[in-house]
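Student: Protein chains in written order, with my numbering: chain A, -5 to 225; chain B, -5 to 225.
Treat each hint with caution, since some may be false.
Simulated restraints on C-beta separations [said to hold, decoys possible]:
#1 A:Gln109 with B:His216: 31 to 41 angstroms
#2 A:Arg186 with B:Pro42: 19 to 29 angstroms
#3 B:Met167 with A:Ala17: 47 to 57 angstroms
#4 A:Arg21 with B:Glu164: 30 to 40 angstroms
#5 A:Gln117 with B:His216: 31 to 41 angstroms
#6 A:Ala108 with B:Gly118: 30 to 40 angstroms
#7 A:Ala24 with B:Val209: 41 to 51 angstroms
#8 A:Glu28 with B:Ser131: 26 to 36 angstroms
#9 A:Arg76 with B:Val209: 49 to 59 angstroms
#10 B:Ala108 with A:Arg76: 19 to 29 angstroms
Listing some non-contacts, in silico: residues in chain B with all C-beta distances to chain A over 10 angstroms [said to hold, decoys possible]:
#11 Thr15
#12 Thr62
#13 Ile70
#14 Gln74
#15 Leu89
#16 Gly116
#17 Thr162
Some residues of chain B that are not near chain A, with every Cβ distance over 10 angstroms (derived) [to be verified]:
#18 Ala17
#19 Glu25
#20 Ala69
#21 Val92
#22 Gly93
#23 Gln117
#24 Gly118
#25 Ala157
#26 Val208
Hints are computed from structural coordinates only; laboratory data are not their basis. We put the beta carbon where it would ideally sit given N, CA and C, even for glycine.
Number of protein chains: 2
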Amino acid sequence: MPHGEAIASLIDHTLLRTEYTPADVDRVCAEALEHGFATVCVNPIYVPQIVERLESSPVKAASVVGFTLGAEFTAIKVEQARRLIEAGVEEMDMLLPVGLLRAGDYRAVFEDIAQVVKACHGQGVILKVILETGLLSLEEKIAGCLIAVKAGADYVKTCTGFAIGEATAEDIMLMRRIVGPAVGVKAAGGVRSWEKARLMVSAGASRIGATQGVVIVQQSVHEAGSDPTQS
Amino acid sequence: MPHGEAIASLIDHTLLRTEYTPADVDRVCAEALEHGFATVCVNPIYVPQIVERLESSPVKAASVVGFTLGAEFTAIKVEQARRLIEAGVEEMDMLLPVGLLRAGDYRAVFEDIAQVVKACHGQGVILKVILETGLLSLEEKIAGCLIAVKAGADYVKTCTGFAIGEATAEDIMLMRRIVGPAVGVKAAGGVRSWEKARLMVSAGASRIGATQGVVIVQQSVHEAGSDPTQS
Chain A
-5 MPHGEAIASL
5 IDHTLLRTEY
15 TPADVDRVCA
25 EALEHGFATV
35 CVNPIYVPQI
45 VERLESSPVK
55 AASVVGFTLG
65 AEFTAIKVEQ
75 ARRLIEAGVE
85 EMDMLLPVGL
95 LRAGDYRAVF
105 EDIAQVVKAC
115 HGQGVILKVI
125 LETGLLSLEE
135 KIAGCLIAVK
145 AGADYVKTCT
155 GFAIGEATAE
165 DIMLMRRIVG
175 PAVGVKAAGG
185 VRSWEKARLM
195 VSAGASRIGA
205 TQGVVIVQQS
215 VHEAGSDPTQ
225 S
Chain B
-5 MPHGEAIASL
5 IDHTLLRTEY
15 TPADVDRVCA
25 EALEHGFATV
35 CVNPIYVPQI
45 VERLESSPVK
55 AASVVGFTLG
65 AEFTAIKVEQ
75 ARRLIEAGVE
85 EMDMLLPVGL
95 LRAGDYRAVF
105 EDIAQVVKAC
115 HGQGVILKVI
125 LETGLLSLEE
135 KIAGCLIAVK
145 AGADYVKTCT
155 GFAIGEATAE
165 DIMLMRRIVG
175 PAVGVKAAGG
185 VRSWEKARLM
195 VSAGASRIGA
205 TQGVVIVQQS
215 VHEAGSDPTQ
225 S
């Protein structure tokens, strides 16, 4: 498999900034179909549009819950998940309540995630839980991973890309070590080049969230050498 | 009325960053009670806490809807509003769907706001509509104001503070000119000093959103001269 396709299949092609229009969404769907990205990830209002554009392709529709602050009522996160699934989403990324994690209220964090997991897994939908690693201490990162796995998350993920901090190899290695081989690790936040994407995969990431997916694939095609999926 | 209290009564004392903990929320409630801010504005998970802390005081509990990206399903925004009101919120700030405004889908923007207005006004709750002015052209700012007023918003507001751009005197004057005297104008985003707050009020703002409310009040007390409510 060429590096281009190998790396593309790991990328969530992501378009979440508030200023994006339906025309931008069409563009990223076309890019995703051309390059074979894993998913297109957009805000809820654009989900019907991507579901239509990606129909009968292997590219999945993805969206977000409790985004970008993670501090919604759990009941709202569950309702967001339900409506996204109804609209055709197959994968979603939720932000856990970072302030409660930092305060050590692990029970509330667990309940928040577990309720959304319940809404997803009954429908075969994959749930990724964002830690917002840039705001957490080492202990909080570890606790966040353990709680997310215990609550049934399919992936743990580094950052929203909207707060301080970005994905680092150190954090990816830590997260992979904690969640083990059966749970996914998604590197997101500041992954804008093939070099960075390859570093993330080498460190243990099984998915990349990026707005620069096309650049990453193009750079990977131009480079000889290691296949990131083999490292 | 001293400048300190006069300006304090115009300030939404705001704590929305994801990393804040219940201890931070207690601190801002104490500050609000001490200085007499208009509201304390926090994320939904902290609303029960502020409602309890602010009980039987003139300081109102406030929160946010469709925040920080504005691109939730309208039905979710309505459900967020309903649950916030149920929890005791008396004012809320919602972000309109910026991408749809930029795309000229005015009908969708109107419907989005009007549905949340409907949830609020039946309960005597004030709704402020954020334009995210830093991302808009002059034409889009004007359209956003007109649509928000037509849909029944109680205030129009400049920025979330989480995207590019901040409140400017030029934008506040524009917004005040469009919405007229009967609708509020809230300056938020980058208002961190008494000098800036006074400039906003002079330009026509009737409310200030700030995390630095205590600093603003302290600076105003130390300064002789103009009363912002008289300018």
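Student: Are there hints from earlier that the structure breaks, and if so, what are their numbers?
Tutor: Those not satisfied are hints 1, 2, 3, 5, 9, 11, 12, 13, 14, 15, 18, 20, 21, 22 and 25.
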